[in-house]
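*Asks:* Next come the chains, spelled out residue by residue.
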Amino acid sequence: EPEVTQTPSHQVTQMGQEVILRCVPISNHLYFYWYRQILGQKVEFLVSFYNNEISEKSEIFDDQFSVERPDGSNFTLKIRSTKLEDSAMYFCASNKGASNQPQHFGDGTRLSIL
Amino acid sequence: SQQGEEDPQALSIQEGENATMNCSYKTSINNLQWYRQNSGRGLVHLILIRSNEREKHSGRLRVTLDTSKKSSSLLITASRAADTASYFCATFWTDKLIFGTGTRLQVFP
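Residue numbers (my numbering), protein chains in the order written: chain A, 1 to 114; chain B, 1001 to 1109.
No lab work stands behind these hints, which were simulated from the structure alone. For every residue, glycine included, the Cβ atom is placed at its ideal position computed from N, Cα and C. It cannot be assumed that every hint is accurate.
What the hints assert, rightly or not - Covered stretches of chain A, going by a simulated chain B footprint (3 or more residues, C-beta under 8 Å): (1) 42-56; (2) 105-112.
Claimed, not checked - With a Cα cut of at most 20 Å, we get these calculated SDA-like pairs of lysine to any residue: (3) A:K42 x B:S1086; (4) B:K1070 x B:T1020; (5) A:K42 x B:N1052; (6) B:K1070 x A:N100; (7) A:K57 x B:W1093.
Claimed, not checked - Simulated coverage check for chain B against chain A, where a stretch passes if three residues somewhere in it have a Cβ under 8 Å from a Cβ of chain A: (8) 1021-1027; (9) 1030-1038; (10) 1042-1052; (11) 1099-1109.
Hey, can you work out the whole structure from these sequences and the hints?
*Replies:* Below you can see the structure in the form of structure tokens.
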């Protein structure tokens, strides 16, 4: 069964550095998402992306965050200047259509900011 | 917060018993979904129930939805040790999933 794949599985970065998290969504999916989960807390929505543009974003997704689909397969999340509070698991998800379709999640990237 | 709580926060049962988890939410929804998360892994979709549906079954899973009370329940029948995981409800509205706090289920062999 097709899967959403995320790399790296674990990223350790110094505070203030830029980080790029990578995702390869399922190939025939059209909608792409990023979520994060701070240790011990609930999964939080960051951003949704469709037709090469952001369709919705949360308050968390401020100017330090950006997303890009640079080619036909990758979907990236960039954090420009990381803060300690950005430490979390970041999950990428995709689905065929936005509503009434399940979202398929990758196994996540654990981001640790030192 | 747009999402309510799930209860219980933690549930421990013996293999073969049924497990029931409840979820409350606050916003309008297109649908409500349940996901499972094994430790250190991503979320696995279990079942989706649309806002105009009241009950749905999938294998050993039964989900109910009461939109008047803004609540849902997930029943896992005849539980197995492999069902040990965290379970999350998530409401879908506009273009995003809003997750609950989750229930940690431990099934003892």
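*Asks:* Next step is simple, just say for each hint if it's right about the structure.
*Replies:* Structure-based check of each hint:
Given a C-beta distance limit of less than 8 Å, the hint that chain B covers the segment 42-56 of chain A holds, as 8 residues qualify and 3 suffice. Using a Cβ-Cβ cut-off of 8 Å, 4 residues of the segment 105-112 of chain A lie near chain B, which meets the minimum of three, so the contact claim holds. The suggested pairing of A:K42 with B:S1086 holds, with an alpha-carbon distance near 11 Å, which does not exceed 20 Å. A distance of roughly 17 Å separates the Cα atoms of B:K1070 and B:T1020; the hinted pair therefore holds under the 20 Å criterion.
Among the hinted pairs, A:K42 with B:N1052 is inconsistent with the structure: their alpha-carbon atoms are about 26 Å apart, more than 20 Å. Distance restraint check for B:K1070 and A:N100: the Cα-Cα separation of roughly 18 Å lies within the 20 Å cut-off, and the hinted pair is therefore satisfied. Pair hint A:K57 plus B:W1093 holds up; C-alpha atoms about 13 Å apart against a cutoff of 20 Å. Judged by the Cβ-Cβ criterion of 8 Å, the segment 1021-1027 of chain B is not covered by chain A as claimed, because only 0 of its residues qualify and three are needed.
Coverage of a stretch by a chain is defined here by at least three residues with a beta carbon nearer than 8 Å to that chain's beta carbons; for the segment 1030-1038 of chain B and chain A the count is 4, and the condition holds. Given as covered by chain A, the segment 1042-1052 of chain B passes the check, having 6 residues with a CB less than 8 Å from a CB of that chain where 3 are the minimum. Note: the segment 1099-1109 of chain B has 4 residues with beta-carbon separation from chain A under 8 Å; the three-residue rule is met and the coverage holds.
Checked against the numbered hints above, the structure violates hints 5, 8; every other hint is satisfied.
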